[in-house]
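Now for the letters of each chain:
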Amino acid sequence: MSGALMDLGWEVRRAGERLVGAPIGRVDETTWEVFSAHLTAVVREAAAAGAPLVIDLSALEYMSSRGLRALTIARREAGEATPITLAAPNERMREIFAISRYDKLFKIVDDVDADA
Amino acid sequence: MRVRFWGTRGSLPVAPTAEVIQAKIAQALVAAGGRSFADAAEADAFARQSLDFATYGAYGGATSCVEIEGAEGTFLICDMGSGLREFGIDSFRRIAGGHPPAYHFFLSHLHWDHIMGFPFFGPAFNPAATIVIHSGHADAETALRRQQEEISFPVPFDWLRAKFEFVVHKPGETFDVGGVAVTLCAQHHSHDSYGYRFEKGGRAAIYSTDSEHKIDNMESEAAFEAFFKDADLVICDTMYSLGDTVSLKQDWGHSSNVVAVDLCHAAHARRLALFHHEPTYTDADIQRMHAETVRYEELVRADRPALEVICAYDGLEVAV
Ligand SMILES: [Zn+2]
Ligand SMILES: [Zn+2]
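Chains as they are written, first to last, in our numbering: chain H, 1 to 116; chain C, 1 to 320.
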């Protein structure tokens, strides 16, 4: 759980009122910790700015259950005040959301600019 | 070793109603499409080939009971769910064929669905039988005696004729039973539960049921990865979807198919058996969950060797 931590990229940007966090690569047992740390930070940033948060998944290859559980932790931290939307998942990620039933827990939209 | 599933259902035994059987027959007749068969064997061969498991077969409804065959001179049995009754009957047959009347049980925990078969375990009345009950719980004997108290059952524990021994083990301390090395692992569940690792001749089988992998306790994931390490077969509690385990059914003490796959991947296990099926699931529901799990394994496999995902059913035998 150390050498591979650099494998996950992460970018944060503004999109109008919203804050957008974008993981790049894949989230599995080697990268979930850095993913979770970035998520926590961006949730806090969004909360401080009073901005809704969008997680842009367009550059994410996939995430395993480690990443999905990190999303749940992030949402607990965000609470009602900071809504989290998942945007632009690839086909593989859509299947993973369906199989894990996370499609019933999170709002998932086709692209980042979709009405959040 | 050889693993034999006598009960694979979680929480409560279930049985198909007439309606369920009638629907299977109707589907089979539709699939036959007016063919004629010379005899039942020919019809059976056609059905076996052309129907899916949920139609031709059934996952069964007995609660947790899994036999690990391969020890010298003794039966090894994980849990005493309602599937234990059938195992007890079968063991009489094998004893008549020369197998010693020795039984070693390994209890995951003491919830009702994991001990309810014991009052119906015929060999407990055999004065020649020895029954050793291994557990991580100091109160295993209390639990078994209590369910046979007069208020719950007509035959008290003290009427049983077999020679009993209760042995409490510490997690991580390996012991030997008939040439099989056994190790316990503490699991997160109401009143605690324990997983078991069985090793013989360089092969390893894991029995890990009623185990919740908490969302915010990723440190314990490392302990399970080590416990499952390079296992040939991992039997895992996959009762709920991941979504359910982090929302409505959080803290109900169970795990999901996708977490089981991820743990097995990280541990480089070779084969995963889905287990402790939700009692409200139909055969079609369990079959769908199995297909989804196979697909999930492909989606997150990356460059790892393939993990074979099988779905446990009452009567399944797996060579390890
Ligand atoms: Zn159970
Ligand atoms: Zn239980």
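One thing to keep in mind: the hints can contain errors.
Unchecked claim - Chain H is nowhere near these chain C residues, computed Cβ spacing over 10 Å in every case:
| id | residue |
| --- | --- |
| 1 | Q49 |
| 2 | G201 |
| 3 | N257 |
Said to hold, decoys possible - Calculated lysine-lysine pairs in the DSS-like style (CA-CA distance at most 25 Å, straight line):
| id | chain 1 | residue 1 | chain 2 | residue 2 |
| --- | --- | --- | --- | --- |
| 4 | C | K229 | C | K200 |
| 5 | H | K104 | C | K229 |
| 6 | C | K170 | C | K249 |
| 7 | C | K249 | C | K229 |
| 8 | C | K214 | C | K249 |
| 9 | C | K229 | C | K214 |
| 10 | H | K107 | C | K249 |
| 11 | C | K214 | C | K170 |
| 12 | C | K200 | H | K107 |
| 13 | C | K214 | H | K104 |
What the hints contain is simulated information worked out from the structure, not anything from laboratory work. Since we're looking at a predicted model, the values are computed, not measured. Glycine included, every Cβ here is placed at the ideal spot set by N, Cα and C.
Each hint tested on the structure:
no., hint, result
1, Q49, "holds, 28 Å"
2, G201, "holds, 29 Å"
3, N257, "violated, 8 Å"
4, K229(C) <-> K200(C), "holds, 15 Å"
5, K104(H) <-> K229(C), "violated, 33 Å"
6, K170(C) <-> K249(C), "violated, 29 Å"
7, K249(C) <-> K229(C), "violated, 28 Å"
8, K214(C) <-> K249(C), "holds, 12 Å"
9, K229(C) <-> K214(C), "holds, 20 Å"
10, K107(H) <-> K249(C), "holds, 20 Å"
11, K214(C) <-> K170(C), "holds, 22 Å"
12, K200(C) <-> K107(H), "violated, 48 Å"
13, K214(C) <-> K104(H), "holds, 20 Å"
Violated hints for the displayed structure, listed by number in ascending order: 3, 5, 6, 7, 12.
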